[in-house]
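S.K.: Sequence:
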Amino acid sequence: MEKFEGGESGRMSFILKQFHANLIMVEGRAELTAQTYDIAVKEFLSWLCSKRIELENVSLKDLLYYLSWRKSRGNSELTIAKDISALRAFGAFLTREGLWQENLALVLDRPCASRALPKVLSLEQVDDLLSCIDTSTALGIRDRALFELVYSCGLRISEACSLLMGNVHLKEKILLVRGKGDKERIVPFGDAAKSWLARYFDEVRPNLVGRKIVAQVFVNYKGEAISRKGVWKRFKELENFTGIDCKVHTLRHSFATHLLAGGADLRSVQELLGHADLATTQIYTHVATSELSDYHKEFFPGHENSE
14 MEKFEGGESG
24 RMSFILKQFH
34 ANLIMVEGRA
44 ELTAQTYDIA
54 VKEFLSWLCS
64 KRIELENVSL
74 KDLLYYLSWR
84 KSRGNSELTI
94 AKDISALRAF
104 GAFLTREGLW
114 QENLALVLDR
124 PCASRALPKV
134 LSLEQVDDLL
144 SCIDTSTALG
154 IRDRALFELV
164 YSCGLRISEA
174 CSLLMGNVHL
184 KEKILLVRGK
194 GDKERIVPFG
204 DAAKSWLARY
214 FDEVRPNLVG
224 RKIVAQVFVN
234 YKGEAISRKG
244 VWKRFKELEN
254 FTGIDCKVHT
264 LRHSFATHLL
274 AGGADLRSVQ
284 ELLGHADLAT
294 TQIYTHVATS
304 ELSDYHKEFF
314 PGHENSE
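Every number in this note's numbering is 13 more than the matching position in the sequence shown, counting from 1.
Simulated from the structure, these hints should not be mistaken for lab results.
Don't be surprised by glycine CBs; every beta carbon is placed ideally from N, CA and C.
Among the clues, some could well be false.
[To be verified] Distance condition first, Cα-Cα at most 20 Å in a straight line; then the derived EDC-like pairs of lysine to aspartate or glutamate:
| id | residue 1 | residue 2 |
| --- | --- | --- |
| 1 | K242 | D258 |
| 2 | K193 | E69 |
| 3 | K55 | D75 |
| 4 | K196 | E284 |
| 5 | K186 | D204 |
| 6 | K186 | E197 |
| 7 | K184 | D195 |
| 8 | K95 | D122 |
| 9 | K132 | D147 |
| 10 | K207 | E185 |
| 11 | K260 | E185 |
| 12 | K30 | E69 |
| 13 | K207 | D195 |
| 14 | K246 | E137 |
| 15 | K55 | E69 |
[Said to hold, decoys possible] The calculated label-pair distances, taken between Cβ atoms and stated as ranges, are:
| id | residue 1 | residue 2 | range |
| --- | --- | --- | --- |
| 16 | E90 | E185 | 16 to 22 Å |
| 17 | I37 | R86 | 26 to 32 Å |
| 18 | V120 | G236 | 22 to 28 Å |
| 19 | S59 | A34 | 17 to 23 Å |
| 20 | R86 | V120 | 19 to 25 Å |
| 21 | S281 | L130 | 40 to 46 Å |
| 22 | S22 | L189 | 41 to 47 Å |
| 23 | Q229 | W60 | 45 to 51 Å |
| 24 | Q229 | E40 | 23 to 29 Å |
| 25 | V120 | Q229 | 24 to 30 Å |
| 26 | S85 | Q229 | 39 to 45 Å |
| 27 | G87 | K55 | 16 to 22 Å |
| 28 | G276 | Q114 | 53 to 59 Å |
| 29 | K225 | L91 | 37 to 43 Å |
Please construct the entire structure, taking both the sequences and the accompanying hints into account.
M.R.: Structure, rendered in structure tokens:
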């Protein structure tokens, strides 16, 4: 490993940078995966420093103590499972660099994370949420176009932020979306999304971008590609204003659930969402069933206790 400066803090920072580069260039991991692993490993290195444990002297017992500490701080099984995945990748890197004799993290068993049903909004809540966006401003028109498209296509935030102008076919009402693992899929969108996109393209985007050449569809007030953090911030403001408890990803969950409740088949929804595994999509069938049960209780209360 190359030399570094700045004491122990500088050393840890250097190792993190090397680990990140290794994930991208050697293992071919996606940038978002690398960033997730970076955060998990940084937390682990911070814990080692607090316990005054040198990285080269880490034992299996230390790893188990660390994961116990993470659980004691209220982290879910899903988060712990992600931590272990990150530690396994980090252990492989340290072994190759000669800092560990063997990858101790391979012994760790990932917990079977129980999947809670995703939170979804009703059609009325989605309408209320989107209609509350102030479209008297340029950024309000952009936000309406953005969140209409996220809901209409079930997009992930990263997919919306990276969506390219050349991949939007307004007349045909379809998008070419690049999802996880750089897999591409074609997704149709509705009339409402088309209308707000057209208005954003005509009235807003040219003024924001100016003379700059920006490939991404959605831009910030500087005319630069909008970031995931920027999208989260705008949606949080909308959530606070409406009082509707949700996140941007809730629109994706709602999209899938509403499609299935409307009669769409599971395979089609899987394709539209870009899920590699059908089992990931199947969770929405449970949500749809749960919603139908709630509707039944609401509109047929007399049947609730019938024999």
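S.K.: Which of the stated hints cannot be reconciled with the structure, identified by number in ascending sequence?
M.R.: Violated hints (numbers, rising): 2, 7, 9, 11, 13, 14, 16, 18, 21, 23, 25; every other hint is consistent with the structure.
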